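Engineer: Listed below are the residues making up each chain.
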Amino acid sequence: MHGDAVALFFYSDLFLRHPDTRELFPVSMSAQRDRLLQALGRIVAEADRLAELGPFLQDLGRDHRRFGAIADHYGPVGESLLATLAHFSGEDWTPDLAAEWTSAYQLVAQVMTDAAAIDARRNPASWDATVLSHELRTFDIAVIRVATVQPVKYLPGQSVAVESPVRPRLWRYYSMANAPREDSTLEFHVRMIDGGPVSMALTRSTPVGSWLRLGAPVGTLTLDTSSRRDVLLVGGSTGLAPVKAILEQLSDLPSPPRTHLFAGARNAEGLYDMPDLEKLAASAPWLQVTGCVFDDPDYRGERGHLPDVVARHGPWTGCDAYLAGSTAMTTAVASRLTELGVPAYQIHVEDFGWSES
Amino acid sequence: MTVMSRADQRLTPDVVQSVTFPTTRLGRRGLDEDHVRVFCKQVELELIRLLNERTSLQEEVRRLRARVLGREVDGPGYRREDAHIQAVGILSKAQVTADQYVADAQAYSRALAEDARRRRDEILGEARAHAAMVLQEAHERGQQAAQAALAAAPVAGAPGADARRGNLEAELAYLRTFSDVYRTHLRAYLDALLRNVDEWERSERSAVADVQAQLAPALSRAVPGPRLDL
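Those protein sequence lines, which keep their order, are chains E and Y.
Sequential numbering from 1 applies to the first sequence in my numbering.
Sequential numbering from 358 applies to the second sequence in my numbering.
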């Protein structure tokens, strides 16, 4: 019995019984099937440890709100899930087994819908945002400023899932590049990934006045406000966005800590936000900004990969470090800092990877 | 186990596989043991085949019986369930096809974007190299001109105002030659750009004409007679 065949049967069964549910999913379902199997696998593996499973299911229930899932959908999904299990079990499917699965599913659905209902009292299912400006800083990096109708309550460094009407039902995570503002405007830095459907739509087909849909803020790369240590901020390419948001938060403090921000890119063109960062540094004596590139012999500033450049400017042992960028870059910088004697609890890394499309 | 044929004991592949025969006493004629073993293996395999066939036939009978009975008792219900499974199969096939198309389109767009990115880097690299070359050439020829100007000065190397004048003339010669060379390259570059724009305009015009020529008959065919009068 092949996993993908099971998921395929499940969705086909669901869409045939309840055609309206098809609208909730993207055209291509292959990623969706993987996600279903992963979630099911986890639920089955941890079914006897509901305490551990609980938070996962609650997150799942809350997260499903942005997809337009409502409590009424859980019945049909359970029905199709049972039909799928029955189909693939064949002769082995017994009324006892059916009853067991039914009650297990009801429990899972209950936890998910309860979490969703509690969340609904505080937050909308998703946030509509209008594009106020769209600036193509390089041929493949756009800075997009949006305004939401309802304010998004988030901590600097966090991200939201973003959906473009050009690519309905496809969500990718992007970090806000600013601390929360009075006027509910948010800034995103989007790099076009070759062949990435969402990033291409956001960099190329998102004119001023168009709208985007945002999910609830997530992410743990947030400022440790109890710390009195100096701060090291490192952003590779558009990984600059979350650390710039943290920088804004620092600049609002009555007495900001000594802060050094490193922005890294392949070439000078890739340092798409240097003018703004340098302007900030010019008016803030506590802030130092360093841009560096690793593949541009003509560049007059720092040259080299981020781990090496950051290491050259140490020592960092007394610093809180906040790193964001590709997994390869953040891993390399984090391990270099550890080698240099920075304790692990002082190193904060954007920990869901980042959207590669 | 030896062969002990009994009416109540069915012959199974196991029995055939584990059968042994007592050896003949010396001096009497007996069977070739290897021949017997090979034959027993054949019998065993044949039995397995027959039993498998019987199982699948039984299954077929059960299924057909269920269908016949089901039709008599609740015909349409059984068929509806059957049709649903078929529909699920068809929808699943359609979905897999759609998934494949999306994946292909994405792969194609990735390849295009990667190609464009590579060519952009190449063009930029060439342009930078060319610019460096132009500067270098202008510089060298300017220097030559400056040296020639110095050599031509009647009081080359003399102290005081004449020397200063000689140096200024050399500098002037350098700058004049430098800008000459630079202007020549710039003109060639702009000419090439203009040619590109002309070429672009020409090809666009002919492409539009081609499309219109192709569409005209198709359009008149597609629109039924009476509508043409509207």
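Quick caveat, the hints were computed from the structure, so don't treat them as lab data.
Just so it is clear, the structure is predicted and the values come from calculations on it, not from any experiment.
Hints may be right or wrong, so weigh each one.
[Claimed, not checked] Taking lysine to aspartate or glutamate and the DMTMM-like style, the derived pairs with C-alpha atoms no more than 20 Å apart in a straight line are:
id : chain 1 : residue 1 : chain 2 : residue 2
1  : E       : Lys153    : E       : Asp4
2  : E       : Lys279    : E       : Glu248
3  : E       : Lys153    : E       : Glu135
4  : Y       : Lys450    : E       : Asp34
5  : Y       : Lys450    : E       : Glu23
6  : Y       : Lys398    : Y       : Asp439
7  : E       : Lys279    : E       : Glu269
8  : E       : Lys153    : E       : Asp194
9  : Y       : Lys450    : E       : Asp4
[Unchecked claim] Distance ranges between label pairs, derived from CB positions:
id : chain 1 : residue 1 : chain 2 : residue 2 : range
10 : E       : Asp59     : Y       : Arg562    : 52 to 62 Å
11 : E       : Val208    : Y       : Tyr458    : 50 to 60 Å
12 : Y       : Arg477    : E       : Asn123    : 35 to 45 Å
13 : E       : Gln150    : Y       : Gln571    : 48 to 58 Å
[As the list claims (entries may be wrong)] Which residues of chain Y face chain E? A few of them, derived with a C-beta cut under 7 Å, are:
id : residue
14 : Gln443
15 : Ala444
16 : Val445
17 : Leu448
18 : Ser449
19 : Gln452
20 : Asp456
21 : Val459
22 : Ala470
23 : Glu471
24 : Arg498
Glycine included, C-beta positions come from ideal geometry on N, C-alpha and C.
Engineer: Against this structure, judge whether each hint is valid.
Structural biologist: Hints versus structure:
no.	hint	result
1	E:Lys153 with E:Asp4	violated, 38 Å
2	E:Lys279 with E:Glu248	holds, 13 Å
3	E:Lys153 with E:Glu135	violated, 25 Å
4	Y:Lys450 with E:Asp34	holds, 17 Å
5	Y:Lys450 with E:Glu23	holds, 19 Å
6	Y:Lys398 with Y:Asp439	violated, 43 Å
7	E:Lys279 with E:Glu269	holds, 18 Å
8	E:Lys153 with E:Asp194	violated, 32 Å
9	Y:Lys450 with E:Asp4	holds, 13 Å
10	E:Asp59 with Y:Arg562: 52 to 62 Å	holds, 59 Å
11	E:Val208 with Y:Tyr458: 50 to 60 Å	violated, 32 Å
12	Y:Arg477 with E:Asn123: 35 to 45 Å	holds, 43 Å
13	E:Gln150 with Y:Gln571: 48 to 58 Å	holds, 52 Å
14	Gln443	violated, 11 Å
15	Ala444	holds, 6 Å
16	Val445	holds, 4 Å
17	Leu448	holds, 4 Å
18	Ser449	holds, 5 Å
19	Gln452	holds, 6 Å
20	Asp456	holds, 5 Å
21	Val459	holds, 4 Å
22	Ala470	holds, 4 Å
23	Glu471	holds, 5 Å
24	Arg498	violated, 24 Å
Of the numbered hints given earlier, the model fails hints 1, 3, 6, 8, 11, 14 and 24; all others are met.
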